[in-house]
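First to last, the sequence lines map onto chains A and B. Reading the first sequence from the start, the letters are residues 1 to 580 in full-length UniProt numbering. Reading the second sequence from the start, the letters are residues 1 to 223 in full-length UniProt numbering.
Everything labelled a hint here was simulated from the structure, so no lab data went into it. Keep in mind that a hint or two might mislead.
[Unchecked claim] Using 25 Å as the maximum straight-line C-alpha spacing, the simulated DSS-like pairs for lysine-lysine come out as follows: (1) K174/A x K184/A; (2) K211/B x K199/B; (3) K229/A x K184/A; (4) K316/A x K187/B; (5) K354/A x K367/A; (6) K187/B x K303/A; (7) K94/A x K340/A; (8) K340/A x K358/A; (9) K187/B x K152/A; (10) K152/A x K199/B; (11) K365/A x K354/A; (12) K340/A x K316/A.
Quantities reported herein were computed from a predicted structural model and do not represent experimental measurements.
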Amino acid sequence: MAQSFPYTYYACDCYDNNTSTSAKRASQILAEADEEDRTFDPRNPRSNYALYPLEHLLYCDDCQQIRCPRCVIEETLNWYCPSCLFEVPSSVVKSDGNRCTRNCFNCPVCISPMTVNSIENPDAPSATGGPYILACPYCHWSTIETGIEFEKHTGVHGQLARVANGGTPVPTPKEREKERERRKEFEARQRDSRNLLSPSQDSPTSDLHRDSALPSRDDVFSNLGAFYKSQIEAQTPSNPFSAHDLNFSSPSAYSRIMNLYSSAGAKKQKRGKPSPMREAASELEGLHVYDTVSDNAAIERIKRDGWGSTLSQTQKLAQIDPHANFEDELRPIATLLCTKRSKRCRSCRHILSKPESKITSTRYKIKVLALSHIPRLSIRALPNNAAPSTPSAPSTPAFSQQSFSYSNLRSGIPTHFLLQLSNPLFDNVRVTLATPSTTPGKIQTRVTILCPQFEVGANTDVWDDALSSSVPSATRSSAADGQIEAGKIWDRGRNWTSVVIEVVPGFLRPITGFGQADQADELDEDDDLLEIPIFVRLEFETEANAEERGLGDSRGSKGEKEQREAAFWTVVGAGRIAAM
Amino acid sequence: MSAQPAPSRPGPDRRSSTVPKRTSILPKPSSIALDPSVLIAQHAQITGTHPITLGPNTVLHPHSRISSALAPVVLGEGVVVYERAKVGVGLGPDLDAESRRSSMRSSGGTIRSDGVVLGRNVVVEANAIVEAAEVGEGSVVEVGAVLGRGCVVGKYCTISPSSIVAPNTRLPDYTVVYGGSEHRLDKTLQLRPEILDAKMAVHRKQLEMFKKLVPNQVAKWTV
Ligand SMILES: [Zn+2]
Ligand SMILES: [Zn+2]
Ligand SMILES: [Zn+2]
Ligand SMILES: [Zn+2]
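Please model the complete structure; the sequences and the hints are all you need to start from.
Set out below in structure tokens:
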């Protein structure tokens, strides 16, 4: 809870209320809370997942409840690249992955977006204006450092996929296939010749062995892929739709899996078990044998170039190849796509928020915020003229009327705060506040709301307030005479009312035992935090909703009023108790 | 603007000199060596008691500040100092006006640093502060970066925006300071001198452009 004091969090009770919340009335919830005498405890580890600032909450009109990030369902509307703002169809995302396939890249060193720069020689200009490079405008890394240049300034993603670091072309799958076949043949021939007791010393052999010493990750992957494919093909019977085949990724395989889970009612016809597959056994089949050569080479390299040439953990994690260790193995990172999402209520599937589908628009079609349906409860220190606690601490000048030090509340001294409720609704609201007399936790702070029941005006037009001559009756508010009185509100305005809450911060150490330190009562972190749970119950009359009333009485009953209630827990963070 | 180097000892002769308006309040450098091709925009400030040298084609943008209050300043050929950038020892953020005054008083012995020398084609961007002893040719101090006292920066370095280089740091040629305190070598420039040439060509073009666009107030300082 790293927010600055004072703050207010609203508790969404979705975790212990996953039974049909919509069916419950607020009064029932309240009754339950009363029966169980269950005070919301902000120190409960679970509370971390229930408390949210009002701004983070949505509101479901149908359930008439706040909806936190846990009780909404997100749906992906569309995918787009945050860098070029092009929408990517979800079919393409499935086939090509979740990265931009245009010209968007992030720097592998510092992750800032890269630019395509021309390094054309002005004395010998080329037709395309090239060659081009990807360069980072921030840390000045560029693909020159890994020996890559591009011919065109468009389709960089495709061009990059065809070039390995150092400028060597990446073989296409077909070329790999051919190469594999060639080498297989070669090895077979070699085996034959060895059988004939004549170890051949052809130069191509050693040649092949040399470059096969360190197959690239792509090579290993394609070899292994080809090997598995051949294995699966070997298992697949000629007729893919025969009832008895058990090949892979065939409809019958799926139905067999489904049968495993369905009740074992029907007698299954016996099916032949597939013979076990063998694993890759040679390098051409994708077997990667651990070799100390590469490790030794890496160690030698670190000796020679120092740590500076190695990658940091973050840089490594951003690379596609998880085994990249050195600077010259870096590849530009294709920009990750983002999504636009709509949010639905988890219990009634009502849409709570839906952005416009146009990528370049940041507006929302639908957005039902809790802000506009739930009164905002805020707390702040009462201007200190009435509080009797000022003169006692001359050593802390910060504790003055101008700047109240929220992180320095003093134990045992009554401090007054103002609780203010502002109403976004267009109806008057009757509010009942409740709070435990002492805060939960090790440090018992006494809390008293001086006026727990009051009314908050409707959120009418600002001009109504200005035009109406009737000033809110000054006699009823204590702010006018500066006297704090129980049972009286402090002040009120058009759609807000404030009341005084008196807090006597508890003692961090028990005063009774000055000498003997209480070992058992070691304070934990944040035990000095003064967080007050406050239960808020609202009652108001509102115009009945046409949908709510149902079809039967929808006609003729215009302007019919409906009584509504709402209730929820909030936690206000009033500050920190100072150590004495 | 109240944090000007305090005029604790403005030479009485200078006080009575005929320089008009508010510039007369500031202690004018005892000697400003200006190349005739220098471009000094309106509201650029040159203050201090130690000598200041501006090389050929130097450009001082409006509200840039060169101070030789504690030590001399030398700007090489083609140096560009942008708006609100500060060059000179004692302009750093760590010194408030008071300590600056006291350090000025004691400037006889302790902080008689070698001053600030900016090499050829160095660019100091807006809001940057350079107290470094030396900045090598073609280096760029980007927006809001701070070079501490006594730093020696090599050639073709880049100090990325808002980076802070601690005092007395030595940066080898082609260093890029980024991401707070990360250092790396700009291998692109090292590997491809032609990119460097292109960069310098752009810089020269920019200098020409400034001459066309920015009204020159150099006459004010040549008197
Ligand atoms: Zn929730
Ligand atoms: Zn893109
Ligand atoms: Zn970068
Ligand atoms: Zn709902």
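Item to check | 25 Å Cα cutoff - pair K152/A, K199/B | outcome: holds (22 Å)
Checklist entry - Is K354/A within 25 Å of K367/A, Cα to Cα? => result Answer holds: K354/A to K367/A is near 6 Å, not above 25 Å.
Next on the checklist: For K340/A and K358/A, compute the direct alpha-carbon distance and say whether it is at most 25 Å.
Outcome noted: holds (10 Å)
Item to check | Proposed proximity, K184/A with K174/A (alpha carbon, max 25 Å) | outcome: Cα-Cα ~15 Å, so holds.
Next on the checklist: So if I understand the rule, the pair passes when the alpha-carbon distance is 25 Å or less; does K340/A with K316/A pass?
Outcome noted: violated (28 Å)
Item to check | Hinted pair K211/B and K199/B, Cα distance within 25 Å | outcome: Holds, at roughly 19 Å.
Next on the checklist: Holds or violated: K365/A and K354/A, Cα atoms, limit 25 Å.
Outcome noted: Holds - the C-alpha atoms of K354/A and K365/A are around 6 Å apart, at most 25 Å.
Checklist entry - Given the hint that K187/B pairs with K152/A, does the C-alpha gap stay at or below 25 Å? => result holds (23 Å)
Checklist entry - Given the hint that K229/A pairs with K184/A, does the C-alpha gap stay at or below 25 Å? => result holds (16 Å)
Next on the checklist: So if I understand the rule, the pair passes when the alpha-carbon distance is 25 Å or less; does K187/B with K303/A pass?
Outcome noted: holds (20 Å)
Checklist entry - Given the hint that K316/A pairs with K187/B, does the C-alpha gap stay at or below 25 Å? => result holds (20 Å)
Item to check | Proposed proximity, K340/A with K94/A (alpha carbon, max 25 Å) | outcome: Cα-Cα ~17 Å, so holds.
Going through the hint list in order, the structure does not satisfy hint 12, though it satisfies all others.
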